[in-house]
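Engineer: Protein sequence lines correspond, in order, to chains H and P.
The opening residue of the first sequence carries number 0 in numbering that gives the first Met the number 0; numbering runs sequentially from there.
The opening residue of the second sequence carries number 0 in numbering that gives the first Met the number 0; numbering runs sequentially from there.
It should be emphasised that the hints constitute simulated quantities derived from the structure, not laboratory data.
Fair warning: this is a prediction, and the values are worked out from it, not measured in the lab.
Some clues are possibly wrong.
[As the list claims (entries may be wrong)] Listed next, the stretches of chain P that the computed footprint assigns to chain H, with coverage defined by at least 3 CB atoms under 8 Å from CB atoms of chain H:
1. 45 to 54
2. 97 to 111
3. 158 to 165
4. 185 to 193
5. 202 to 209
6. 263 to 269
We treat Cβ as the ideally placed atom computed from N, Cα and C, and that holds for glycine.
Here's the letter readout for the chains.
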Amino acid sequence: MELLLLFFIFTLAGFLGFELIAKVPSQLHTPLMSGANAISGITIVGAMVAAGADDGSWITTVLGTAAVTLAMINVVGGYFVTDRMLGMFKKKGAASAETKKGGVAK
Amino acid sequence: MNSEILINSAYIVASCLFIVGLKMLGRQATARKGNLISGVGMLIAIVVTLLDRHVIDFTWIIVGLVAGTVIGLACARLVKMTAMPEMVALLNGFGGLASLIVGAAEFMRIRIGEVTPAHPEFTAAAIFMAIIIGGVTFTGSMYAFCKLAEWLSGRPILFAGQHVLNGLMLLVTLVAGVAYVVSGDPSVVLIAFLAYTVLSLILGWTTVMPIGGGDMPVVISLLNSLSGLAACAAGFVISNNVLIVAGCLVGTSGVILSIIMCKAMNRSLMNVLFSGFGSKPGAAAEGS
């Protein structure tokens with residue numbers, strides 16, 4: 000039953016993902032990709048469980064620590080890179096964004 | 000029990016923040032705020048995981064978190080604006096590798112008898128998925144990074160029988176996976192585990208090989224989608240809802256984004272992926 004529940008949320012999340020993205024202006028393609036990439040760093044939750052489980056085996060601790068480090072680079076790097084891209088964008092397009100705000104925003 | 004409820008409630012909040020954040024990232028006016036919202040979701044997920052009853056020793060988690068934060072910040076601050084796409088590829092590769100390692104660590108824990116999964120075959124299949132998808136994501140992203148950073152030639156590299164070779168490797172990987180899941184013999188399990196881990200790493204590299212440097216953004220978007228699915232598979236390994244929801248969201252929205260990106264270039268996804276192969280699409284890349 001528990002497995003079925005996992006598949007249940009898996010299927011619904013999949014459909015949601017398909018529906019979530021539509022009509023993205025082309026200048027947002029890279030930031031959106033980067034932002035989604037940062038979310039995929041959620042694997043850090045699994046990495047933390049692996050690193051923190053005190054099971055007396057140094058191998059799993061080493062593997063877990065490596066995974067936490069890598070996933071954290073993905074998370075921190077991902078969010079800050081995305082923010083930098085979007086910030087840049089605002090400064091550069093500030094003047095033109097004001098005039099065509101209605102058209103672009105909605 | 001109380002902490003279990005608290006953790007799962009926090010995971011629900013984090014999942015909602017990811018969904019709202021991702022939606023807002025798709026609109027110019029709200030994009031930056033959306034990124035911040037999804038970042039808050041991630042922070043909640045990380046902090047609350049420290050309360051997990053499986054987490055006993057914090058030393059190495061803190062070491063990993065601090066090291067990752069320092070390196071990640073340095074990457075994000077120092078990279079030039081023009082080098083952003085390859086930076087995303089690099090970060091994506093790290094995420095894929097992390098999922099692979101989560102799968103491998105769980106494999107080790109089951110092997111030494113520390114953990115006994117309730118459904119051994121199912122967990123084995125999930126470990127297999129996390130490792131092969133994570134492996135392909137890692138080396139594929141590294142290759143995309145090298146091509147964009149011009150460490151390697153951006154030209155598509157083609158040779159005779161390439162798609163047959165890729166197809167064969169994928170087939171062997173799947174056979175090793177089946178052997179791994181159904182075999183009870185510890186030595187067979189270990190050999191199959193090593194075989195599909197190594198093969199998935201090779202496959203990621205050879206699948207990106209025939210795709211030209213100009214098409215790398217689409218490839219990175221697809222690999223990003225794969226890294227989401229790898230995280231999702233890792234979620235099935237440790238039965239964690241937030242990993243499954245967030246991973247699957249990234250997985251499917253990444254596919255849609257890749258298709259939108261192809262349309263913006265007036266190409267089809269199949270054309271981008273297999274143009275190097277000529278008219279016949281290779282089974283390997285399609286399957287992985």
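Engineer: Determine for every hint whether it applies to the structure shown.
Structural biologist: Taking the hints in turn, this is what the structure says about them:
no.: 1; hint: 45 to 54; verdict: holds (count 6)
no.: 2; hint: 97 to 111; verdict: holds (count 10)
no.: 3; hint: 158 to 165; verdict: violated (count 0)
no.: 4; hint: 185 to 193; verdict: violated (count 0)
no.: 5; hint: 202 to 209; verdict: violated (count 0)
no.: 6; hint: 263 to 269; verdict: violated (count 1)
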